[in-house]
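Engineer: Residue numbers (my numbering), protein chains in the order written: chain L, 6 to 204; chain P, 6 to 204; chain X, 6 to 204.
Worth flagging that the hints you see were computed from the coordinates, not collected in a lab.
Computed from a predicted structure; not experimentally measured.
Ideal Cβ positions, reconstructed from N, Cα and C, are used throughout, including at glycine.
Wrong hints could be hidden among the right ones.
[Stated by the list, open to error] For each label pair, taking beta carbons as the anchor points, the in silico distance ranges come out as:
id, chain 1, residue 1, chain 2, residue 2, range
1, L, 191, X, 15, 49 to 59 Å
2, L, 177, P, 102, 19 to 29 Å
3, L, 177, P, 153, 16 to 26 Å
4, L, 191, P, 23, 53 to 63 Å
5, L, 117, P, 202, 45 to 55 Å
6, L, 23, X, 42, 29 to 39 Å
7, L, 177, P, 189, 36 to 46 Å
8, L, 190, P, 41, 26 to 36 Å
9, X, 186, L, 192, 47 to 57 Å
10, P, 192, X, 112, 18 to 28 Å
11, P, 198, X, 97, 21 to 31 Å
12, L, 191, X, 180, 48 to 58 Å
13, L, 24, X, 180, 46 to 56 Å
Residue-level listing of the chains:
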Amino acid sequence: MMHIRDRPSFVHSAALVETEQIGVGTSVWAFTHILNGAIIGSRCNIGGQCFIEGGARIGNAVTIKNGCSVWDGVSLEDEVFVGPAVVFTNDRRPRSRAMAPSRYSTRRWISPTVVKRGATLGAGAIIVAGSTIGEFAFVAAGTVVTGNVPPYALVVGVPGRAAGWVCECAEAISFVRSRARCDACGKTYARAANSVHRS
Amino acid sequence: MMHIRDRPSFVHSAALVETEQIGVGTSVWAFTHILNGAIIGSRCNIGGQCFIEGGARIGNAVTIKNGCSVWDGVSLEDEVFVGPAVVFTNDRRPRSRAMAPSRYSTRRWISPTVVKRGATLGAGAIIVAGSTIGEFAFVAAGTVVTGNVPPYALVVGVPGRAAGWVCECAEAISFVRSRARCDACGKTYARAANSVHRS
Amino acid sequence: MMHIRDRPSFVHSAALVETEQIGVGTSVWAFTHILNGAIIGSRCNIGGQCFIEGGARIGNAVTIKNGCSVWDGVSLEDEVFVGPAVVFTNDRRPRSRAMAPSRYSTRRWISPTVVKRGATLGAGAIIVAGSTIGEFAFVAAGTVVTGNVPPYALVVGVPGRAAGWVCECAEAISFVRSRARCDACGKTYARAANSVHRS
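All chains should be modelled from the sequences, with the hints used to inform the complete structure.
Structural biologist: What follows is the structure, given as structure tokens:
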């Protein structure tokens, strides 16, 4: 018997999907273009007007809202949420290729970006290449991420600055003597040095 | 005799318009996708590469430039101007749906946004869900709006901060003893407490 | 014999190119719409989901990544790099046209933007109309440019502020007694008053 999650992927008739590496139950909406070589998991929802380049890796159950671009060198782990108009990058010092043909003749110019499991990237966030965004981190809308973001951290602003911590359910949590309990869902956390984990 | 404003709506052949609730004289440009259930008034101009979701409500004579997304829960009143790449949102604590299936099983997660008559949202502005933007307010390009904006207010920055007042013609106005007169068009305003109105 | 750069322009079958003023060897990708009256040079690479309006002028060897809008009044000189989701504008005081029909009845409302040769506009940058961005300047990702940017300048933030200088190869350079040498490529520069040039 076919599990509901085993439905084949849905590709809108006005989308262009050139990769064959796309999991079951993934949807791709209109005017999105996914190039050959992109790797996309199962049960994702990829909104319209997105661009996903060969070399991008997207896990399972990832949500990508409309108007995002995901480049070669960008990896999104399972259950990541990417808000509308989020912009990834893969080059810290871009110039027009005609100015720097030797630089672009290999792939060494690519700085990889990793977004860990369950993280949220808010609407219009910009992720400067070379950043790792930790598990369940929450990048507020409009943030420009210029470096690594710890797990469970909330970052806001231009450039992005630490502004607190969030629960896996996305509500803000506060630590008292290195312990926190989410008022909304009851999950508990422990903080050690600069890292936070479930307790 | 047919008034010039009674022309039927124009839908570019590369646009997808699934709603039937769209007024006369409205134009929709290429690679824009409007879902069933969106309500759109008359004489609007909706640029290309936009996404308008079911549940969005758009008044008359609204301009939406290219690359905008308008979600369920967002209402734009008459004569609003939405610059290119403006990003609306409807969820203050988004996560991938697989992480929070019960949260997304009802519509209570939606925080509504209202943009009142005549307001301007500058290019690339990001509107965090739950905000009301007052009549004729002017959100500068690149502003991240995180709360309510009073009528006739100018807001700038990340997060958006009050930076002055504007006339209905969009020029800056300055109050002297609670009175202002626009140097450009002559309209006059009175200010009481934190509100501004035509006088 | 045909030089490799003399290949005809490539237009993706899902792009709409209405201008005939487009140079040899230029590529245009899916879901991009270029209007009649746009002028585009040779050897450009114009990514998908872009919009280029009549009156826009784009030089040779310009790179434009996905999701950008380039309006009437915007000029990009040769070898400019425009990152993904960069937003140009051409109106400093926009309102819905229905509110200001006389204003929009001529073209005097357009404030021109010029991006000089070799400049980089980072991902998601917003360029407020009326700005001139100097040769080889580097606008960091997420910057809101609200005025002129000198040649070779690095600008960051909202609003954009001067944050240093860059080499033509895009690496940061530092001046010592009005002289700088790029550690990466060896190019040398001289600084006089507020201007920088190759020495």
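Engineer: Hint says 21 to 31 Å; check whether the CB-CB distance for residue 198 of chain P and residue 97 of chain X agrees.
Structural biologist: 30 Å, holds
Engineer: State, for the Cβ atoms of residue 191 of chain L and residue 15 of chain X, whether the hinted interval 49 to 59 Å holds or is violated.
Structural biologist: The hint (49 to 59 Å, Cβ to Cβ) holds, given that residue 191 of chain L and residue 15 of chain X are roughly 56 Å apart.
Engineer: Between residue 177 of chain L and residue 102 of chain P, is the Cβ distance one that fits in 19 to 29 Å?
Structural biologist: Holds: the Cβ-Cβ distance is about 21 Å, inside 19 to 29 Å.
Engineer: Could you see if the CB distance from residue 23 of chain L to residue 42 of chain X stays within 29 to 39 Å?
Structural biologist: Check passed, 32 Å falls within 29 to 39 Å.
Engineer: Okay, residue 117 of chain L versus residue 202 of chain P on CB: inside 45 to 55 Å?
Structural biologist: 54 Å, holds
Engineer: Between residue 191 of chain L and residue 180 of chain X, is the Cβ distance one that fits in 48 to 58 Å?
Structural biologist: Holds: the Cβ-Cβ distance is about 57 Å, inside 48 to 58 Å.
Engineer: Is 53 to 63 Å right for how far apart the beta carbons of residue 191 of chain L and residue 23 of chain P are?
Structural biologist: At roughly 41 Å between Cβ atoms, residue 23 of chain P and residue 191 of chain L fall outside 53 to 63 Å, so the hint is violated.
Engineer: If you check the beta carbons of residue 186 of chain X and residue 192 of chain L, does the distance land in 47 to 57 Å?
Structural biologist: Because 54 Å falls inside the window, the suggested range holds.
Engineer: Is the gap between the beta carbons of residue 190 of chain L and residue 41 of chain P within 26 to 36 Å?
Structural biologist: For residue 190 of chain L and residue 41 of chain P the Cβ distance comes to about 34 Å; the hint holds.
Engineer: Do the Cβ positions of residue 24 of chain L and residue 180 of chain X conform to the proposed distance bound of 46 to 56 Å?
Structural biologist: For residue 24 of chain L and residue 180 of chain X the Cβ distance comes to about 47 Å; the hint holds.
Engineer: Mind checking the hinted window 18 to 28 Å against the Cβ distance between residue 192 of chain P and residue 112 of chain X?
Structural biologist: This hint holds: roughly 24 Å between Cβ atoms.
Engineer: Residue 177 of chain L and residue 189 of chain P, beta-carbon distance inside 36 to 46 Å?
Structural biologist: 44 Å, holds
Going through the hint list in order, the structure does not satisfy hint 4, though it satisfies all others.
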